[in-house]
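Sequences listed follow chains A, B and C, in order. The first sequence begins at 1 in this note's numbering and counts up one residue at a time. The second sequence begins at 1 in this note's numbering and counts up one residue at a time. The third sequence begins at 1 in this note's numbering and counts up one residue at a time.
Hints are computed from structural coordinates only; laboratory data are not their basis. Some clues are possibly wrong.
Claimed, not checked - Covered stretches of chain C, as calculated for chain A (at least 3 residues, CB under 8 Å):
no., segment
1, 44 to 54
2, 222 to 231
3, 398 to 412
What the hints assert, rightly or not - Here are the simulated DSSO-like cross-link-like pairs (lysine-lysine), alpha carbons at most 30 Å apart as the crow flies:
no., chain 1, residue 1, chain 2, residue 2
4, A, Lys-162, C, Lys-87
5, C, Lys-313, B, Lys-102
6, B, Lys-102, C, Lys-385
7, C, Lys-128, A, Lys-59
8, C, Lys-128, A, Lys-53
9, C, Lys-371, C, Lys-313
10, C, Lys-313, C, Lys-370
11, B, Lys-283, C, Lys-435
12, C, Lys-145, C, Lys-87
13, C, Lys-153, A, Lys-59
14, C, Lys-195, C, Lys-87
15, C, Lys-385, B, Lys-283
16, C, Lys-195, C, Lys-207
17, A, Lys-53, C, Lys-469
18, C, Lys-153, B, Lys-107
19, C, Lys-334, B, Lys-107
20, C, Lys-195, A, Lys-53
21, A, Lys-59, C, Lys-145
22, C, Lys-528, C, Lys-276
23, C, Lys-206, A, Lys-53
24, C, Lys-370, B, Lys-283
25, A, Lys-162, C, Lys-541
26, C, Lys-79, C, Lys-435
27, C, Lys-206, C, Lys-541
28, B, Lys-102, C, Lys-370
29, C, Lys-79, B, Lys-107
30, B, Lys-283, C, Lys-334
31, B, Lys-102, C, Lys-354
32, C, Lys-79, B, Lys-283
33, C, Lys-477, C, Lys-308
34, C, Lys-207, A, Lys-53
35, A, Lys-162, C, Lys-528
36, C, Lys-238, C, Lys-79
37, C, Lys-469, B, Lys-283
38, C, Lys-276, B, Lys-102
39, C, Lys-308, C, Lys-435
40, C, Lys-313, B, Lys-283
Every residue gets a Cβ at the ideal spot worked out from N, C-alpha and C, and that includes glycine.
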Amino acid sequence: MGRYVVRRLLQMIPVFVGSTLLIFLMVNVMGDPIAGLCGDKQCDPATAAQLEKEFGLDKPVWQQYLTYMGNVFTGDFGTAFNGQEVTELMATAFPVTIRLTIVAILFEVVIGITLGVITGLRRGRPVDTTVLMFTLVVISVPTFVTGLLLQLLLGVEWGWIKPSVSTEATFGELIVPGLVLASVSLAYVTRLTRTSIAENKRSDYVRTAVAKGLPRRRVITRHLLRNSLIPVVTFIGTDIGALMGGAIVTERIFNIHGVGYQLYQGILRQNTQTVVGFVTVLVLVFLVANLIVDLLYAVLDPRIRYA
Amino acid sequence: MPEPLPQEPYTSGGGRAAEDGAIAATGMGGAMDLATSEGETLEKSPGWPGGGDPQDRPRSLWSDAWRDLRRNPVFIISGLVILFLVLISLWPSLIASGNPLKCDLAKAQEGSQAGHPFGFDGQGCDVYTRTVYGARTSVTVGVCATLGVALLGSVLGGLAGFFGGSGDSVLSRITDIFFAIPVVLGGLVLLSVVTSDSVWPVIGFMVLLGWPQISRIARGSVITAKQNDYVQAARALGASHSRLLLRHIAPNAVAPVIVVATIALGTYIALEATLSYLGVGLKPPTVSWGIDISAASQNIRNAPHMLLWPAGALALTVLAFIMLGDAVRDALDPKLR
Amino acid sequence: MRGATHAKWVACATAAALTATACGGGGSASGGDTGAVLSSSWGDPQNPLEPANTNEVQGGKVLDMIFRSLKRYDPETGKAEDMLAEKIETSDSQTFTITVKDGWTFSNGEKVTAQSFVDAWNYGASLKNNQKNAYFFGYIEGYDKTHPENGGKQSADTLSGLDVVDARTFTVRLNQKFSTFPDTLGYPAYAPLPKAFFDDHEAWVKKPVGNGPYTVDSYTKGSQMSLRAWDGYPGDDKAQNGGVDLKVYTDNNTAYTDLMAGNLDLVDDVPASQLKNVRNDLGDRYINTPAGIIQTLAFPFYDDAWNKPGMEKVRTGLSRAINREQITDTIFQKTRTPATDWTSPVLGEDGGFKEGLCGDACEYDAAAAKKLIEEGGGLPGGQVKITYNADTGSHGQWVDAVCNSINNALDNDRACVGNPVGTFADFRNQIGDEKMPGPFRAGWQMDYPLIQNFLQPLYYTNASSNDGKWTNKDFDKLVDEANAETDTAKAVAKFQEAEEVLRDNMGAIPLWYQNGSAGYSDRLSNVKLNPFSVPVYDEIKVG
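Just chain A, with the same shape it has in the complex:
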């Protein structure tokens, strides 16, 4: 196990280099970012040239990349166009987004798995159909709309929450945004759990457990659920990164200044430093999340072993 983890950690190095290079190239392909800095008019050529020099855009791409990576290893992620250090941006954005992601994952785990177990045990019953309908609504109505409606209803009509999240972005403020963010994933988690449960509930070990006279609750949690969780855990693992980097819509609606927002801004303004920096950190999050998921496989199913 220890060796396995070490090996996985070592694998992170090539992934890290590969993804930063890829993102670096992608942002570069988008073209000259300077044109966007001068408003709706032509940048005057002298200033534009001077800016390109300052941001190092006049050098060949490979050289830009090497310089960038060199700086990254000394902890310097560069400067955004508005003169702000990227590390400073990260320091404000990541804590907020991590909190938001935790809330969303909690929703997925608690509500998603609960609904999945209930519907899996009662396939075809009204509760199953109701949850299916709910799933369909979540999938076919854009998050933008669900977010907006919740914001209007809870924030303005009923006054239960503040429509926007303050700079501190406490857990309490993030409950509704977290729910909105989790909504589509909730649908996945519910359906995945339901299917797994339905499949496993007729397996031998469950029947054995029931025959042994174990209480129903214990059968479900210890035997049935544990063995049904692998696809769910896999999904949630892949979802962490998606939630962190992809919360653009939710962050916009609730005015959360998190990673999704910074990334989106960076992309639209073609700010290589911001984009590559944020994505790099996201890649690391992915790598760790996937490592944890793989280790969880072994926990959930003792037959799976890593050497």
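Let chain A serve as the given structure and place chains B and C on it in line with the hints.
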């Protein structure tokens, strides 16, 4: 799991389905049925495949599944809905006589009226006509992207999970990188260079960024499934890799893939809207549910009917595919037979 | 730079990245009352908050609160009036002697002197400081040395045209005659700077210090700036409230929702989708006033298909195929007014605005449009593609509406399609590279309320913002004549003659004049927008 399969009554997809399934099993020779899928392996391997009598072939797991499906009302209903969607995608004029591009701003956001049952959108276009015409693009995008993602993802993920080792490591790390590419960035970079009006670049883009998800799921399920006793048994008896994968692991690992793929179908149709919103997706005069849903979202407070119909059509499509996926999954699960 | 081009293109586009659609840029005025603090929506400024480096509305908003220049544009009329300038004298329209009023200080106590201005202008004009508004100093002698064009080497750090005479007097020598030069001095780029700006630049940028009615209390980049009324402010436009908290919103709809929920006092950019509800939600706490902004469609005159003889008929035909009235009513809920000339109503009749100057060419008439386009040889390639940047939500809406209008008029549902470009930077790149496949979105926000500012930077041959590269000898000649004219009325008449040339060739299709719109909470009163569509913060009363 070579012992006889459980034959307890089953409670799913409506009681009818269970009954039909039971009838299928007994009517067509229950004993044979039971012998087929897993038990047979013990008897006939390692002569299989290649040998074996031709009469056994149609009795394979997959043909059993198909026989089950044909009798499953859930499958039939969802199949009919999908058929209907395909029909109106091919010939939208069958049920809509208007022109989806004919818009009169004077009628913007008006509600339902004679000849225009669904009302008008923000540009004064007829919502009914646009919903019907939007099916072609949206169904094509949804189905093709899902198929592409599911095939590519489950093949790569399945192989990685099955063989493990360095191949698995490389593939897993590649998926890590792909996961990290923000959709917005990918879209702006990869799709902005495309000038074609067709849906294929958009579908290609979705497959490119979507396969890692399925790949992960498939890999996880294969890793679990390959630990099962019957797989170990078959392996001990010398079954080939392809036989193990196709006959023993795939049917037991496919469920999560189907679940994720059927839901993803809906999200791809919605993603197309996001791409259009970013200005890199489908461009007018293309008509799609995604574009209409995205436009309607802006006006949700003033004209909810604009959202209701295209979103409803999307929900119906997703429902049909989720039901279809459920039915296929049930049919593939020998325990439910 | 060439021509009188002190211009800032409509900030909607710049603010695009901020997802805001408001545009603006000026500030304002009047007497004292401490008290409550109000909160107002804001967008994250794109550039550091240096006066000569801020070319978009969100940064401009702050500069207007913390700086006062030699002149100030009246919040009601937009007329340039003396602020820090005691007098600006010239005998030849080329050398100006500027006397700074006594008694003005920066909020850190430093006196505002002639040197404060000269240092600030030299800084702004110097290439090595990367100031994006450097071209504002382009008329001053020596600019070619401090800011050489085309990769030349910078050979001077200071403008040779600026001379400090004494503590309160300095002279400005221009490189050409420019009689209205003093009227441009209200622009934030000309603001004076304290020594702290140069001594500890980094600290200054983190917490700017100026000489305006407000001081920066705290600034958290990307989320909030707290401004407080400065008690020691010597001007007569002292803040009437205790201060303003500018909160960064990434979506103007969220700001609006916060306003409805009572979490925010002032939104200076009501989202298009809420315009229909705004009367219901806010009653009379909603203002919708004209601003010096015009939206147009420019053409790629570098493309022969759009430039060959006869195409003026096609362009005019397209103009006549656009039902402006209907679009401004439906899509914009009357926050735009159909354009009938190429300027703006805020100029007033005397200033050069002439309603109906466009005449028939801007009247919707489907039959006439069809006929004109046919006479002109039809649409190039059989289809017009209207290019716009899609990173703001609302451009797509009106482009689609314009296209539908054209399609309906021409009875061809594929005659016009929208052509979105993903990012604003890419859009600007494509314009710069002369790659526009057809008409494209163009908008102009005035820098100062002069007709010259609406015409010369945009349509004069090779002018800095002439993105379509339209060129016309008659137009250029009339503009030159107008600039040489010393009598305002005569100059305006010449400019209008030039505008008629523009009309006859349809060098750009005028679409609509944009209004500023704002909503506010019931705590506030006396809320106004200036002609640059920025709230007049210092006059707002709280409670």
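Each hint, compared with the structure:
no., hint, in the structure
1, 44 to 54, "holds (count 5)"
2, 222 to 231, "holds (count 3)"
3, 398 to 412, "violated (count 0)"
4, A:Lys-162 to C:Lys-87, "violated (51 Å)"
5, C:Lys-313 to B:Lys-102, "holds (25 Å)"
6, B:Lys-102 to C:Lys-385, "holds (18 Å)"
7, C:Lys-128 to A:Lys-59, "holds (18 Å)"
8, C:Lys-128 to A:Lys-53, "holds (11 Å)"
9, C:Lys-371 to C:Lys-313, "holds (9 Å)"
10, C:Lys-313 to C:Lys-370, "holds (10 Å)"
11, B:Lys-283 to C:Lys-435, "holds (19 Å)"
12, C:Lys-145 to C:Lys-87, "holds (29 Å)"
13, C:Lys-153 to A:Lys-59, "holds (19 Å)"
14, C:Lys-195 to C:Lys-87, "holds (24 Å)"
15, C:Lys-385 to B:Lys-283, "holds (11 Å)"
16, C:Lys-195 to C:Lys-207, "holds (14 Å)"
17, A:Lys-53 to C:Lys-469, "holds (28 Å)"
18, C:Lys-153 to B:Lys-107, "violated (61 Å)"
19, C:Lys-334 to B:Lys-107, "holds (16 Å)"
20, C:Lys-195 to A:Lys-53, "holds (27 Å)"
21, A:Lys-59 to C:Lys-145, "holds (26 Å)"
22, C:Lys-528 to C:Lys-276, "holds (21 Å)"
23, C:Lys-206 to A:Lys-53, "holds (24 Å)"
24, C:Lys-370 to B:Lys-283, "holds (25 Å)"
25, A:Lys-162 to C:Lys-541, "holds (25 Å)"
26, C:Lys-79 to C:Lys-435, "violated (39 Å)"
27, C:Lys-206 to C:Lys-541, "holds (28 Å)"
28, B:Lys-102 to C:Lys-370, "holds (17 Å)"
29, C:Lys-79 to B:Lys-107, "violated (42 Å)"
30, B:Lys-283 to C:Lys-334, "holds (28 Å)"
31, B:Lys-102 to C:Lys-354, "violated (36 Å)"
32, C:Lys-79 to B:Lys-283, "violated (44 Å)"
33, C:Lys-477 to C:Lys-308, "holds (22 Å)"
34, C:Lys-207 to A:Lys-53, "holds (27 Å)"
35, A:Lys-162 to C:Lys-528, "holds (27 Å)"
36, C:Lys-238 to C:Lys-79, "holds (19 Å)"
37, C:Lys-469 to B:Lys-283, "holds (27 Å)"
38, C:Lys-276 to B:Lys-102, "holds (24 Å)"
39, C:Lys-308 to C:Lys-435, "holds (17 Å)"
40, C:Lys-313 to B:Lys-283, "holds (28 Å)"
Going through the hint list in order, the structure does not satisfy hints 3, 4, 18, 26, 29, 31, 32.
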